[in-house]
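Produce the complete structure using the sequences and hints provided.
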Amino acid sequence: DGGITQSPKYLFRKEGQNVTLSCEQNLNHDAMYWYRQDPGQGLRLIYYSQIVNDFQKGDIAEGYSVSREKKESFPLTVTSAQKNPTAFYLCASTLDRAPANYGYTFGSGTRLTVV
Amino acid sequence: AQSVSQHNHHVILSEAASLELGCNYSYGGTVNLFWYVQYPGQHLQLLLKYFSGDPLVKGIKGFEAEFIKSKFSFNLRKPSVQWSDTAEYFCALKRNAGNMLTFGGGTRLMVKP
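Which chain is which? The protein sequence lines are A and B, in order.
Under the working numbering, the first residue of the first sequence carries the number 141, and numbering increases by one thereafter.
Under the working numbering, the first residue of the second sequence carries the number 534, and numbering increases by one thereafter.
Since the hints were made in silico from the structure, they are not lab data.
Model, not experiment: these values are computed from the prediction.
A few of these clues could be false.
Not everything, but these chain B residues come out facing chain A in the computed CB check (under 8 Å) [unchecked claim]:
id	residue
1	542
2	547
3	555
4	567
5	577
6	579
7	582
8	623
9	633
10	634
11	636
12	638
13	639
So the derived label-pair ranges between C-beta atoms look like this [stated by the list, open to error]:
id	chain 1	residue 1	chain 2	residue 2	range
14	A	194	B	584	38 to 46 Å
15	A	178	B	597	47 to 55 Å
16	A	207	B	601	37 to 45 Å
Ideal Cβ placement from N, Cα and C applies to all residues, glycine included.
Okay, structure coming up:
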C-alpha cells in the first residue's frame with residue numbers, strides 16, 4: 141500500500157531540546173509539505189519542498205528546519221527556538237509540483253507535546 | 534495574500550438534518566477550492582474540489598459544494614447527515630498560479646444519533 145508514514149505518533153520533548161519528526165512517502169511524489177494544526181487555526185504551512193535538495197519556508201517557518209536529501213523523505217526538526225511547539229504536525233505530498241490536479245495526500249500526523 | 538474563513542467552528546446536528554458549512558475566501562484572482570475531512574483518528578481526506586466549469590461540485594459520501602464567485606464562497610452541503618459524518622471539515626484554497634494550499638480554521642461537526 142502506498143502512502144505517507146509519519147513517526148512517531150506521539151512525541152514528548154523537554155524544553156530546550158531539539159526533536160526531529162519523520163515523514164516518509166512511497167508514492168513517488170515530487171513535492172512534500174509540513175503543516176502544523178492547532179485548534180481553531182486550521183493547518184498552517186511550515187516548510188515545503190518541490191524537489192530533492194530544495195525547500196522553501198512557509199508561513200510559520202521560524203523555529204523549524206527541514207532537509208530533503210531523498211525524494212521519499214522530508215524530516216522536520218523542531219528546534220528549541222520554537223516558542224510554542226506543542227501541536228499536531230501533518231506531513232503531506234503531491235505527485236506534481238502543482239497539486240491542483242491531485243490534491244494532497246496526508247500522513248496520520250505526529251502529536252508533539254513539550255513537557 | 535489569500536485567506537480562507539470558516540465561520541462555524543462547531544456545529545451539532547441530529548441525524549437526517551441538512552448540513553451547510555460556510556467557507557469564504559479572499560483573493561481577487563482565479564482560485565481552485567477544496568474541502569477536506571478529518572474523521573477522528575484518521576488522515577485528512579479530500580472530499581471534493583473545484584477547478585473550473587460547473588460551479589456545483591459533487592464529492593464523496595453525498596457531499597456537494599457550490600462555488601459562488603460573486604460571494605467568494607464555496608459552501609459545503611449534504612441533504613441528510615449521518616452519525617458517521619462526525620468529523621472536522623477544512624476548506625482550502627489554491628491560487629491558480631502557485632502550488633500552496635491555504636486552509637481555513639476548520640469546522641467540527643458532531644452528528645447526534
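Now the hints, each set against the structure:
1. Annotation: residue 542(B) was flagged as interfacial toward chain A, and the flag holds, the nearest CB pair being 6 Å apart, inside 8 Å.
2. Residue-level restraint check for residue 547(B) is violated (minimum Cβ-Cβ distance to chain A is 24 Å; threshold 8 Å).
3. Residue-level restraint check for residue 555(B) is violated (minimum Cβ-Cβ distance to chain A is 14 Å; threshold 8 Å).
4. With a least beta-carbon distance of about 6 Å to chain A, the hint placing residue 567(B) at the interface is held under the 8 Å criterion.
5. The beta carbon of residue 577(B) comes within 4 Å of a beta carbon in chain A, closer than 8 Å, and the hint placing it at the interface holds.
6. Using the Cβ-Cβ criterion of 8 Å, the hint placing residue 579(B) at the interface with chain A is satisfied: the shortest such distance is roughly 4 Å.
7. Using the Cβ-Cβ criterion of 8 Å, the hint placing residue 582(B) at the interface with chain A is satisfied: the shortest such distance is roughly 6 Å.
8. A distance limit of 8 Å between C-beta atoms decides the matter here; for residue 623(B) the minimum to chain A is near 6 Å, and the interface restraint holds.
9. Among the interface hints, the one on residue 633(B) holds; its C-beta lies about 6 Å from the nearest C-beta in chain A, closer than the 8 Å criterion.
10. Restraint check, residue 634(B) versus chain A: the minimum CB separation of about 7 Å is within 8 Å; hint holds.
11. With a cut of 8 Å, the hint placing residue 636(B) at the interface with chain A holds, because the nearest CB-to-CB distance is about 4 Å.
12. Taking 8 Å as the C-beta contact cut-off toward chain A, the hint placing residue 638(B) at the interface holds, the least distance being around 4 Å.
13. Given hint, residue 639(B) at the interface with chain A, holds; its Cβ is 5 Å from that chain's nearest Cβ, closer than 8 Å.
14. Range check, residue 194(A) to residue 584(B): Cβ separation about 27 Å, and the 38 to 46 Å hint is violated.
15. Against the hinted window of 47 to 55 Å, the Cβ-Cβ separation of residue 178(A) and residue 597(B) comes to about 29 Å, which falls outside the hint.
16. Between residue 207(A) and residue 601(B), the C-beta spacing of about 42 Å keeps the proposed range 37 to 45 Å intact.
Against the hints set out earlier in the document, violations occur for numbers 2, 3, 14 and 15.
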